[in-house]
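I would like the entire structure built from these sequences, with the hints used as guidance.
Sequences listed follow chains R and S, in order.
Residue numbering for the first sequence follows the numbering used here, starting at 280 and increasing by one per position.
Residue numbering for the second sequence follows the numbering used here, starting at 57 and increasing by one per position.
Warning: the hint list may mix true and false statements.
Stated by the list, open to error - Computed, partial: chain S to chain R, Cβ under 7 Å:
1. A181
2. C194
3. Q233
4. A311
5. G442
What the hints assert, rightly or not - Some but not every residue of chain S turned toward chain R, in silico, with C-beta under 7 Å:
6. T168
7. Y172
8. R173
9. E208
10. A211
11. V213
12. V214
13. T251
14. G255
15. E307
16. S308
17. F440
If you are wondering where the hints come from, they were derived from the structure by calculation, not from laboratory data.
By construction, the Cβ of each residue, glycine as well, lies at the ideal position given by its N, Cα and C atoms.
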Amino acid sequence: MTLLQCHIEGVGAIGPGFASLEEFRKLVETGRADPSAPTPVPPPACLPAAERRRAGTSIKLALAAGLQALEVSGRDPTALSTVFASSGGDGDNCHNLCESLASDDRQISPTRFHNSVHNAPSGYWGIALGATATSTSLCAFDASFGAGLLESMAQLVHDRQPCLLIAYDVPYPDPLDRVRDIGGAMGVALALAPEPTARSLARLTLNLGEGPCSELPEAGLEAMRRGIPAGRGLPLLRALVLSESCRLVIDYLDPLRLELELTPCR
Amino acid sequence: MVPILISAFTATSSLGCGCEAMLHALAEGECGLAPCRFETVDLNTFVGEVTGVDQIVIPSGLSAFDCRNNRLALLGLGQDGFEDAVRESVRRFGTRRVGVFIGTSTSGMLETELAYRRRDPDSGALPADFDYGGTHNCFSVGAFVRDHFGIEGPAVVVSSACSSSAKVFGNAARMIQAGLIDAAVVGGVDSLCLTTLYGFNSLELLSPRPCRPFDAHRDGISIGEAAAFALLQRTPDDAGPEALFLLGIGESSDAYHMSAPHPEGRGAKAAIGAALASAGLSPAQIGYVNLHGTGTRANDAAEALAVQAVFGDAVACSSTKGSTGHTLGAAGAVEAVISLLAIRHGFMPAGVNTGLLERGFELDYVRSRRQARLETVLSNSFGFGGSNCSLVFGRL
Chain R
280 MTLLQCHIEG VGAIGPGFAS LEEFRKLVET GRADPSAPTP VPPPACLPAA
330 ERRRAGTSIK LALAAGLQAL EVSGRDPTAL STVFASSGGD GDNCHNLCES
380 LASDDRQISP TRFHNSVHNA PSGYWGIALG ATATSTSLCA FDASFGAGLL
430 ESMAQLVHDR QPCLLIAYDV PYPDPLDRVR DIGGAMGVAL ALAPEPTARS
480 LARLTLNLGE GPCSELPEAG LEAMRRGIPA GRGLPLLRAL VLSESCRLVI
530 DYLDPLRLEL ELTPCR
Chain S
57 MVPILISAFT ATSSLGCGCE AMLHALAEGE CGLAPCRFET VDLNTFVGEV
107 TGVDQIVIPS GLSAFDCRNN RLALLGLGQD GFEDAVRESV RRFGTRRVGV
157 FIGTSTSGML ETELAYRRRD PDSGALPADF DYGGTHNCFS VGAFVRDHFG
207 IEGPAVVVSS ACSSSAKVFG NAARMIQAGL IDAAVVGGVD SLCLTTLYGF
257 NSLELLSPRP CRPFDAHRDG ISIGEAAAFA LLQRTPDDAG PEALFLLGIG
307 ESSDAYHMSA PHPEGRGAKA AIGAALASAG LSPAQIGYVN LHGTGTRAND
357 AAEALAVQAV FGDAVACSST KGSTGHTLGA AGAVEAVISL LAIRHGFMPA
407 GVNTGLLERG FELDYVRSRR QARLETVLSN SFGFGGSNCS LVFGRL
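Structure below.
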């Protein structure tokens with residue numbers, strides 16, 4: 280079987296009750312994760328003021344998670360390729376557009392329209408950091424985290440260049456949340472490189488296989504894993520903060536799963 | 057990159073269903089655009105609507121996917137023996153060794169727009185028959201195509217506005233190259249909806265007449281819809297001298313503005329250069345460039361600078377959006393099929409509606425169809441958010 284391999288150089292983590300990987304570590308250690316806790320989403324300081332005002336939660340969340348991983352990796356953002364994976368994009372914006380278009384006055388705001396594209400966070404990332412390398416914005420519904428990881432690692436193997444994966448999801452507002460329930464806002468980012476460096480945190484291999492998926496022993500974190508598509512990546516984050524050598528199975532498109540092997544570098 | 061065989065392809069647009077209809081329309085220099093009568097849209101603009109989309113019936117086992125976008129996908133898949141080619145690939149390589157990579161910008165957005173008109177006046181709830189995952193969600197068309205063929209391999213939908221279905225050629229090629237799959241259904245499906253029509257209107261980018269890319273008096277885009285697909289596979293030893301290949305792919309980001317291109321075409325130039333490098337070709341080895349050419353003042357000016365910077369005034373080029381309209385997320389795949397037809401049938405398609413070229417555009421712009429044996433064609437796709445992708449197709 281084909282094996283993809285890379286090295287993790289940086290991690291970003293923002294979700295219900297945690298604003299960083301360090302805070303996520305505390306939730307793992309205490310077992311006190313609360314899936315209903317609010318997600319602290321910082322304003323994107325890297326964006327010019329005009330763009331910062333217009334950015335919705337999904338853009339802010341994706342940028343903040345990506346910046347965390349970027350900072351740890353120490354990579355130059357201008358030349359770093361990126362993969363943005365989201366199960367849905369900007370729900371608030373979508374709701375607003377649909378309400379306007381269902382009304383008698385169909386005038387919609389130009390900003391809302393250009394922010395409605397699925398690749399809006401990628402566009403703002405480029406503007407904020409001068410990132411001119413390849414950027415891919417993708418979706419695979421509940422399998423979006425797995426699809427993003429697979430795409431990132433296929434790129435790494437093919438291009439031999441570092442790549443930043445940013446998976447993020449934000450709940451829809453009413454009434455869309457009644458037909459698509461996302462259990463919280465979360466951003467998970469991984470800075471990946473093809474070769475080991477002094478910054479490598481762990482070596483990761485990926486293979487296509489079958490379930491069952493790795494679950495989390497902490498009930499609150501397991502609820503986040505199941506309830507938020509980006510949360511499908513939490514078993515990998517948990518293994519990273521515990522510095523465990525382990526095999527993991529991550530959710531992907533039926534009947535496939537991603538079989539991961541993680542080996543800490545230090 | 058290692059060349060990837062393109063063993064089948066098809067396109068359905070306002071020029072008609074399948075490659076024969078498209079070939080005939082391109083030969084005749086037809087324009088598929090007509091005054092907008094779509095749904096309840098009240099805008100002074102032309103659109104490239106595909107006829108008969110809503111008469112397509114989604115099979116009962118897949119009814120959760122029923123929406124205009126997936127009906128258009130099914131109509132498109134049904135042309136040129138494409139379905140048989142995919143099923144043969146699935147038989148040959150196995151269900152898990154075939155992938156699905158589709159680009160779209162709208163997905164089934166229209167279903168949500170219509171559902172919002174039918175919200176419960178008391179509770180605000182969307183109607184009970186509305187299926188978000190099957191229709192609205194970006195991945196809907198990818199899941200639909202995967203389930204339609206019983207494919208169990210990797211799948212993804214790329215949604216990076218107007219570069220979406222050019223970029224999926226890269227996603228598929230990388231996975232084939234990495235050994236994860238042996239073949240891939242790639243394509244683009246985008247359908248008319250209110251969000252894009254009123255959205256581009258809000259940006260004052262809709263032309264009140266059929267779009268005129270690169271014309272001195274161009275005044276905006278005409279939105280179209282389309283479904284276009286290609287079947288990619290690991291290149292066998294016995295492909296034959298006339299076999300067509302994906303030879304190169306170049307991607308870049310503008311890092312400039314959400315809805316305006318870099319004025320000097322910086323990102324476009326980088327994508328074109330990367331595609332040529334990936335194919336191992338010099339600019340002089342490209343026979344024809346299918347331009348992104350949307351017909352807005354800014355886009356065409358930036359692209360002209362990028363093309364001039366790479367090719368000088370030596371390369372024949374045109375935009376086919378005057379024929380098909382700008383099919384947004386499907387444009388990359390539609391223009392890939394046009395590029396493949398141009399190579400197979402030895403012609404350069406005319407950029408219809410374009411009269412006097414903008415002063416200062418030093419381009420060999422094809423305004424009436426030319427016969428020519430083409431070995432290689434470059435196709436450009438540039439999208440909102442500064443997402444750029446150029447593809448090179450040709451013979452080995």
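Structure-based check of each hint:
1. A181: Since chain R brings a Cβ to about 5 Å from A181 of chain S, closer than 7 Å, the hint holds.
2. C194: Where the cut-off is 7 Å and the nearest Cβ of chain R is about 4 Å from C194 of chain S, the hint holds.
3. Q233: Q233 of chain S check passes; min Cβ-Cβ to chain R is 6 Å, inside 7 Å.
4. A311: Cβ of A311 of chain S sits 4 Å from chain R, so the hint holds.
5. G442: This hint holds: G442 of chain S lies near chain R, its Cβ roughly 6 Å from the closest one there, short of 7 Å.
6. T168: For T168 of chain S, the interface hint holds, since the closest Cβ of chain R sits about 6 Å away, which is under 7 Å.
7. Y172: holds (4 Å)
8. R173: holds (5 Å)
9. E208: holds (6 Å)
10. A211: holds (6 Å)
11. V213: holds (5 Å)
12. V214: holds (5 Å)
13. T251: holds (6 Å)
14. G255: With a closest approach of 3 Å, the G255 of chain S hint holds.
15. E307: For E307 of chain S, the interface hint holds, since the closest Cβ of chain R sits about 4 Å away, which is under 7 Å.
16. S308: Hint on S308 of chain S: holds, closest Cβ of chain R at ~6 Å, below 7 Å.
17. F440: holds (5 Å)
The structure fails none of the hints (numbered hints given earlier).
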